[in-house]
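Chain A is already provided as a structure; the job is to place chain B on it using the hints.
The listed protein sequences derive, respectively, from chains A and B.
Under this note's numbering, the residue at position 49 of the first sequence is numbered 121, and the numbers go up by one with no gaps.
Under this note's numbering, the residue at position 155 of the second sequence is numbered 229, and the numbers go up by one with no gaps.
Calculated directly from the structure, the hints in this document are not laboratory data.
Hints should not be assumed to be uniformly reliable.
Stated by the list, open to error - The calculated label-pair distances, taken between Cβ atoms and stated as ranges, are:
#, chain 1, residue 1, chain 2, residue 2, range
1, A, Lys156, B, Gly103, 37 to 47 Å
2, A, Asn124, B, Lys237, 23 to 33 Å
3, B, Pro198, A, Thr134, 53 to 63 Å
Values in this document were obtained by computation on a predicted structure and should not be read as measured data.
Each residue gets a CB set at the ideal place from its N, CA and C atoms; glycine is no exception.
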Amino acid sequence: MKDFMLIFISEDYAALGLSPEEMQNRMGKWFAWNGKMQSQGIVKHGNALHANARLVTGADRTVSDRTATELKEIIGGYYVVQAKDMEEATQIAQDYPDYDLGGTVEIREIMVFDNE
Amino acid sequence: MNNQENHIIDHLFRHQHGKMVAILTRIFGLQHLETIEDAVQDTFVKAMMTWRNQLPENPEAWLTKAAKNRAVDLLRKIKLNTNKLEKVDSSYSKDYIEELFLEHHIEDSQLRMIFTACHPVLNPKDQIAFALKTIAGFSQNEIAAALLLKPETIKKRLQRARKTIKEKQIAFVLPPQEELVNRLQRVHEVLYLIFNEGWYSNHKEFLIRKELCGEAIRLKQILLRKETLRNGAGYALFALMCFHSARLSSRLDDNLEIISLKKQDRTKWFVPLIHLGNEAMKKSLSFNDYSIYHLEASIALEHLKSPSFDRTNWNEILRLYQQMYYLQKDELIALNIAMIYIIIYQFEQAKEWIEIVEVNSLEQRSYLYYGVKAEYFKNLNDIPQALQCLTEALDRTNNVVEKEFLLKKINRLR
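Just chain A, same shape as in the assembly:
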């Protein structure tokens, strides 16, 4: 088994103008997905991220702040899941609820270092 990080990239929810009802339904889908993965024991952990970001860049360590409104796409959250290979991780990503909002799931295998 390997670990994969599923990174969720989409427009900021706040900018999409979803209605309360739509938000509740969407949350239900996330909840169901999480529950499914929990019961299969494949999700290790995961988090949702605040939309606002601070960037520290370059040798001068230049600091800049970015609000979600400036960006078309943000990383909204991630899960770390266990899967046999990339194909299986792709299968897991099928249930991501926000494809209809133009969302993307980036799947990255987590590197394991040989410590011997």
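Quick look at chain B alone, frame taken from chain A:
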């Protein structure tokens, strides 16, 4: 981490949204409505993100707490934005905010919002859009889908409503005693329109439109909880909404195709709503006022009481419709009267009533006129004319479900 037992009650977000907007408006005033709506929106985005993996034990309490925090944030923000000369009310204290989140104050705030949405200075079309947005928590797109209009049109109506409210400096209060009867009447009209939009939904947006019925009922319930806002018309309106809603799910089949009253499965009618309607109907008669809603509710009840289409007391229904027409010269009522005369085989009278109907004033419902006329000709065994009317009806509706219904009729006649 995950507890499947936990689940959120239906429409919690939508209803909480309406409550929060109302309370915050009570605190900060209608002039800050947009800021308030944005802030409430934020709260829900946050809830959605936070609850994804783990629901709080008491979602409602979580939201209320979040809203209180938002109120305190907003207080700071609004104070900052307000011109120093403009005095910010010092009663905006934390205790005051706490107080307004008590249940009876929440309802009071919601009532104020309902009366604001139905304020006579607002354009009637804007009233509906504004009510759905502000009280019922529909998004622009949802309102557009529910009212079969373009989102752009809804946007304009909402903007116009907000602008009017600001310009006319409408206060966020309940109407004074001397205006109450008239203002309440307008509220009833708006709720009735919202309900009907949902009730006549026979198309792909059925789900969202069906919720219009639910919202109208919920708002009418809020009004009835306040003693000073009870009257005969109010209870009768509530009764009629219950009676109609009881039949809602039997009106369309699994493919969202219309089932005519004749073929509806009467065992599917939702009995608890019929009881609720009956209770309201009884109460409506204990007041002095009498309204068109009384009549419409009585008609709906006649249908519900009857064990089958054929055993319906058509004469009683006819009498009620005629009284309705006497109170309000409405084309749809006239059309219904014509239809009943057809059902009871009195074709001469049916013809007279069909002739009364001004087809053009029915606008997007003019296909109903041709539908009734087709029935008339069919009963007289004039199949060519019946077919012609059905074709005419077909041309006059864009509604896919309605079209299919008419096509089936045409094919049966051929």
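Each hint, compared with the structure:
1. Distance hint check: the CB atoms of A/Lys156 and B/Gly103 are about 59 Å apart, inconsistent with the given range 37 to 47 Å.
2. For A/Asn124 and B/Lys237, the Cβ-Cβ distance of about 31 Å falls inside the hinted range of 23 to 33 Å, so the restraint holds.
3. Taking 53 to 63 Å as the suggested C-beta distance range, the pair B/Pro198 and A/Thr134 conforms, at roughly 56 Å.
In this structure, only the earlier hint numbered 1 is contradicted, and the remaining ones agree with it.
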